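**Q** Protein chains in written order, with full-length UniProt numbering: chain A, 1 to 332; chain B, 1 to 179.
None of these hints come from the bench; they were simulated from the model.
For clarity, every value in this text was computed on a predicted model and none was experimentally measured.
Positions of the beta carbon are idealized from the N, C-alpha and C atoms, including for glycine.
Mixed in with the good hints, there may be bad ones.
[Unchecked claim] Computed beta-carbon distance windows for the label pairs:
id : chain 1 : residue 1 : chain 2 : residue 2 : range
1  : A       : R178      : B       : R55       : 39 to 49 Å
2  : A       : T105      : B       : A18       : 20 to 30 Å
3  : B       : R52       : A       : E317      : 39 to 49 Å
4  : A       : D6        : B       : T153      : 11 to 21 Å
5  : B       : R55       : A       : D180      : 16 to 26 Å
[Unchecked claim] Counterexamples of contact, computed for chain B against chain A with all Cβ distances above 10 Å:
id : residue
6  : D10
7  : I56
8  : E57
9  : D60
10 : P61
11 : G63
12 : R67
13 : D130
14 : T132
15 : A137
16 : K138
17 : I142
18 : T146
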Amino acid sequence: MSPTHDDLRNAMNDLARGTDPLEPGPILRSGRRRRAQRRVIAAAGVAVAVVAMTGGIIALRPGGNDSIVAGGGQAIQDLDNSLQGLSSGRYAFTRTGAYLQTDITRAEIDVAEGYVVEYRNKMSVMRVGKATYLKPSGEGTYSSPGVLDQIKSAGLSQSEVDRYAAAIAQLDGTRWLRTDPQRLAEVAAVEEQSSLDYTAPVPTADKPDITGADALISAVTSADRTGDTITGTLDASKVDPEQRLIIDEPATFYGPSATAMNYRATLDGQGRLASFTLNLPSTLASQAPDSQPEPPLVITVTRYDGVKTPPAPPNAENVTALTYDLLARDND
Amino acid sequence: MKFRRGRDLDESFTAFVATRSHRLVAHAELLCGHREQARDIVQTVLVRAYQRWSRIEHDDPYGYVQRSVTNAVTDWWRTAHQRHERPVDVIPESPSGPDSAFEDRSVLLAALDLLTDRERAVVVLRYFDDHTERDVAKALGISVGTVKSTCHTALRKMRVTLDDEVRGPSPLHGTKEQS
Chain A
1 MSPTHDDLRN
11 AMNDLARGTD
21 PLEPGPILRS
31 GRRRRAQRRV
41 IAAAGVAVAV
51 VAMTGGIIAL
61 RPGGNDSIVA
71 GGGQAIQDLD
81 NSLQGLSSGR
91 YAFTRTGAYL
101 QTDITRAEID
111 VAEGYVVEYR
121 NKMSVMRVGK
131 ATYLKPSGEG
141 TYSSPGVLDQ
151 IKSAGLSQSE
161 VDRYAAAIAQ
171 LDGTRWLRTD
181 PQRLAEVAAV
191 EEQSSLDYTA
201 PVPTADKPDI
211 TGADALISAV
221 TSADRTGDTI
231 TGTLDASKVD
241 PEQRLIIDEP
251 ATFYGPSATA
261 MNYRATLDGQ
271 GRLASFTLNL
281 PSTLASQAPD
291 SQPEPPLVIT
301 VTRYDGVKTP
311 PAPPNAENVT
321 ALTYDLLARD
331 ND
Chain B
1 MKFRRGRDLD
11 ESFTAFVATR
21 SHRLVAHAEL
31 LCGHREQARD
41 IVQTVLVRAY
51 QRWSRIEHDD
61 PYGYVQRSVT
71 NAVTDWWRTA
81 HQRHERPVDV
91 IPESPSGPDS
101 AFEDRSVLLA
111 ALDLLTDRER
121 AVVVLRYFDD
131 HTERDVAKAL
141 GISVGTVKST
151 CHTALRKMRV
161 TLDDEVRGPS
171 PLHGTKEQS
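Let the hints inform the model, and build the full structure from the sequences given.
**A** Here it is as structure tokens:
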């Protein structure tokens with residue numbers, strides 16, 4: 001029976017009526033995450049310029065020096081001073097609960113000699129002398145068993161299939177890869193979902209502190225010190241978004257409490273930062289019935305001047321050009 | 001207040017996805033012939049649309065997203081051709097009945113699979129989305145005359161296919177032409 005125009009129209013509309021809608025929640029979250037990443041990239045150049053021109057933390061404090069006086073000047077000054085230990089470039093730290101950063105389970109930093117940063121997803125980044133190494137997480141797009149079969153079925157030549165097989169093997173999470181840090185930064189900047197999007201910046205002589213504590217402390221608006229413990233509030237909307245520690249535009253998510261989040265910092269016997277805990281508000285601007293309180297953002301710092309330089313991993317492989325390409329979208 | 005504005009935007013976007021995404025997925029599936037691929041494409045387009053939602057939510061958001069989906073599918077065709085992919089080599093046997101030209105979605109999709117990419121896009125935009133010939137021409141970057149002739153050819157192919165099926169269904173081997 002030949003279809004009329006109406007048959008065709010009706011059949012297509014029947015197909016639409018029988019199609020399930022997409023789940024809005026995951027799409028909204030992906031959209032927010034993508035927007036945050038794009039803003040971070042756009043803001044990065046500006047933020048670097050501001051810090052270079054003004055000399056850092058004081059210039060970024062909300063309200064300038066006025067808030068130091070209003071919020072308890074000596075305690076805030078103590079917080080600022082506590083960052084000097086991190087500025088020396090020798091420390092160990094862990095960090096959990098950052099918004100767009102994978103938890104760091106172990107980091108040993110000696111900017112002059114080298115460093116190792118291990119993430120909860122099993123990814124590790126290491127520098128020994130001038131050589132930088134990456135151990136991928138072994139998870140993500142290219143870890144599924146059928147991925148190579150899909151590539152084979154795309155009609156590629158055998159040599160291309162072999163090239164993909166070698167690159168995918170480099171991502172299996174068991175090997176250290178000798179990498180170019182500049183290429184890793186470029187890979188993370190590609191507008192695709194990469195595991196590298198959620199890693200901390202590498203420590204450098206110009207920016208030895210990668211804990212994120214400076215971004216949080218620069219947003220402190222009040223402080224009260226008792227012994228080696230300092231408590232108070234900070235304005236999350238003033239936390240440098242480049243650090244990706246707190247959700248982008250926090251006021252849209254947390255409402256008015258975004259500007260007065262509670263924190264607790266502890267100092268060691270020499271006044272250096274030992275821990276910083278930011279409690280995220282339990283009441284959101286748009287509270288869903290099933291929302292659960294978020295875990296706090298916790299940074300702990302230990303072993304100032306006592307870290308051990310990591311040894312170079314034996315049998316590290318040179319990363320291939322295709323592996324870099326796959327890393328750019330390995331979390332899609 | 002700023003946080004109200006952000007929440008309103010999110011609610012507007014969420015409502016749009018909940019109420020209109022099924023039709024966008026259908027649009028993509030009719031174009032590409034693969035339901036999961038269609039869902040992936042629409043999801044990707046919606047994530048990108050969210051970045052501009054404040055600008056498009058009051059100005060035909062469905063039309064905006066639908067155009068983006070059409071572009072994404074045609075891009076996918078181009079790259080699939082560059083990769084020499086042939087998503088459908090053998091079209092599965094399709095049931096047909098005496099009372100309806102399109103017994104179910106598989107018959108419709110099988111008939112669409114015999115069209116070239118351009119023919120398929122013209123048919124979907126004309127009869128699913130009810131676009132005028134001028135709008136279809138603009139969307140696909142072709143002339144109105146080409147839309148008319150392409151649509152005529154496409155419908156003739158579909159009629160022949162469906163008439164053949166009524167006379168005697170048999171496995172249809174894909175002979176998809178490249179546009």
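**Q** For every hint, state whether the structure bears it out.
**A** Going down the list of hints, with the structure as the test:
Between R178/A and R55/B the C-beta distance comes to about 45 Å, which sits within the given range of 39 to 49 Å. Roughly 38 Å separates the CB atoms of T105/A and A18/B, a value that falls outside the hinted 20 to 30 Å. A hinted range of 39 to 49 Å holds for the C-beta pair R52/B and E317/A, which are about 42 Å apart. Between D6/A and T153/B the beta carbon distance is about 20 Å. The supplied range of 11 to 21 Å therefore holds.
Distance hint check: the CB atoms of R55/B and D180/A are about 39 Å apart, inconsistent with the given range 16 to 26 Å. For D10/B, the non-interface assignment is contradicted: its Cβ lies about 6 Å from the closest Cβ of chain A, within the 10 Å cut-off. For I56/B, the requirement that its beta carbon stay farther than 10 Å from each beta carbon of chain A is met, with the minimum near 13 Å. With a cut of 10 Å on Cβ distances, E57/B stays outside the contact zone with chain A, its closest approach being about 13 Å.
Against chain A, the non-interface label of D60/B holds: every CB pair exceeds 10 Å, the least being about 18 Å. Listed as a non-interface residue, P61/B keeps its Cβ farther than 10 Å from every Cβ of chain A; the least gap is roughly 13 Å. Every CB of chain A lies more than 10 Å from the CB of G63/B, the least distance being 16 Å, so the non-interface label holds. No beta-carbon of chain A comes within 10 Å of the beta-carbon of R67/B; the shortest separation is about 17 Å.
Against the 10 Å criterion, D130/B falls within the reach of chain A, whose nearest CB is about 8 Å from its own CB. With a minimum CB-CB distance of about 14 Å to chain A, T132/B clears the 10 Å threshold, and the non-interface call stands. Once the 10 Å rule is applied to beta carbons, A137/B is consistent with being away from chain A; the minimum gap is 19 Å. With a minimum CB-CB distance of about 21 Å to chain A, K138/B clears the 10 Å threshold, and the non-interface call stands.
Residue-level check passed: I142/B sits 20 Å from the nearest beta carbon of chain A, beyond 10 Å. Under the 10 Å C-beta cut-off, the non-interface status given to T146/B relative to chain A holds; the minimum distance is some 19 Å.
When each numbered hint is compared with the structure, violations occur for hints 2, 5, 6, 13.
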